[in-house]
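Q: Single-letter residue listing:
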Amino acid sequence: MTLSEVAKLLEAEVICGEQYLDQELEFAGASDLMSDLLAFGQPGILLLTGLANTQSVRTAEIIDAKCVVYVRGRRPSQDGLELAEKSKMPILSTKFLMYKACGLLYSRGIRVTGDR
Amino acid sequence: MASRQNLSHAFEIQGGDFGKAGCVSLEIKEILRDLGIDPAIVRRTAIAAYEAEMNVVMYADSATVMLRLNPQGIKIALDDKGPGIHDIELAMQEGYSTATDQMREMGFGAGMGLPNIKRNADLFELKSTIGKGTSYKIFIDLGSEEKT
Ligand SMILES: Nc1ncnc2c1ncn2[C@@H]1O[C@H](COP(=O)(O)OP(=O)(O)OP(=O)(O)O)[C@@H](O)[C@H]1O
Ligand SMILES: [Mg+2]
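Note that the protein sequences, when read in sequence, are chains A and B. Using our numbering, the first residue of the first sequence is number 1, and each one after it goes up by one. Using our numbering, the first residue of the second sequence is number 1, and each one after it goes up by one.
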């Protein structure tokens, strides 16, 4: 599935990075805990989170995430948005709750990396 | 890879400055990436640096960071001025944290940072003097096999 198909599936608004949505996605991870993402997040994942602070974009950038999806209609901070644009990190915002967003992606074959 | 020989860069981190938290690590990541270093190694280095930087922002007053690169590996030496760590062995345990509610709301304070530095680094040395500060020495091997 491509990132633009993800956007459609999650009925998400594309906040930035429209031009990078043709990338293929295989894996995703979800957490509001940056500590967990840093410890268990794998490179190339799509990151779902309800934590829309600047730190979530910085963390996504550090772990080489491919895209950030904010759930519950959250939107990035101004600083977060600027960093995402600079680092070519697409950001999506979906109205769906975390559980539904994850469930939809999982049902379409987006998996976790490793066995956890 | 001539440009990769013996590079060195200094950075400053301000304690309590959540607005800039992570900026030094992102800069380090960009420097290493621009040198053409293997992305998996760049990522490990960036994660270790970021965990250390977040700890300075959360717990210390200020820090200097030295990034050094030679053909053997990447060294990050971070020295902070701050309260120090009372029990390093305890602090290194997964789940141990003295983070405040504010830090937890920002997604930190799970007590995973120090163990995560250890996991990502090939060598990690942590020293602390109570009332003075803490020093982190992180080494990432450039000659060795891939670490998972
Ligand atoms: N530079 C430092 N100065 C003083 N105390 C520190 C420093 N770094 C770590 N500590 C202490 O060690 C504890 C454990 O650190 P660690 O990075 O493992 O977890 P954390 O920062 O609390 O949570 P997380 O890293 O998951 O966000 C901290 O809660 C803090 O008490
Ligand atoms: Mg920490």
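Mixed in with the good hints, there may be bad ones.
[To be verified] Here are the simulated lysine-lysine pairs, DSS-like style, with alpha carbons at most 27 Å apart:
no., chain 1, residue 1, chain 2, residue 2
1, B, 20, A, 86
2, B, 75, B, 132
3, A, 88, B, 132
4, B, 137, B, 20
5, B, 132, B, 118
6, B, 20, B, 118
[What the hints assert, rightly or not] Residues of chain A placed beyond 12 Å of chain B at every Cβ, according to the derived structure:
no., residue
7, 4
8, 11
9, 13
10, 23
11, 33
12, 40
13, 53
14, 57
15, 59
16, 61
17, 63
18, 75
19, 96
20, 102
21, 111
Keep in mind that the hints were calculated from the coordinates and are not lab data. Built from N, CA and C at the ideal position, the CB exists for glycine as well.
Q: Hints numbered earlier in the text: which of these fail when held up against the supplied structure?
A: Of the numbered hints, 3, 11, 12, 13, 14, 15, 16, 17 do not hold.
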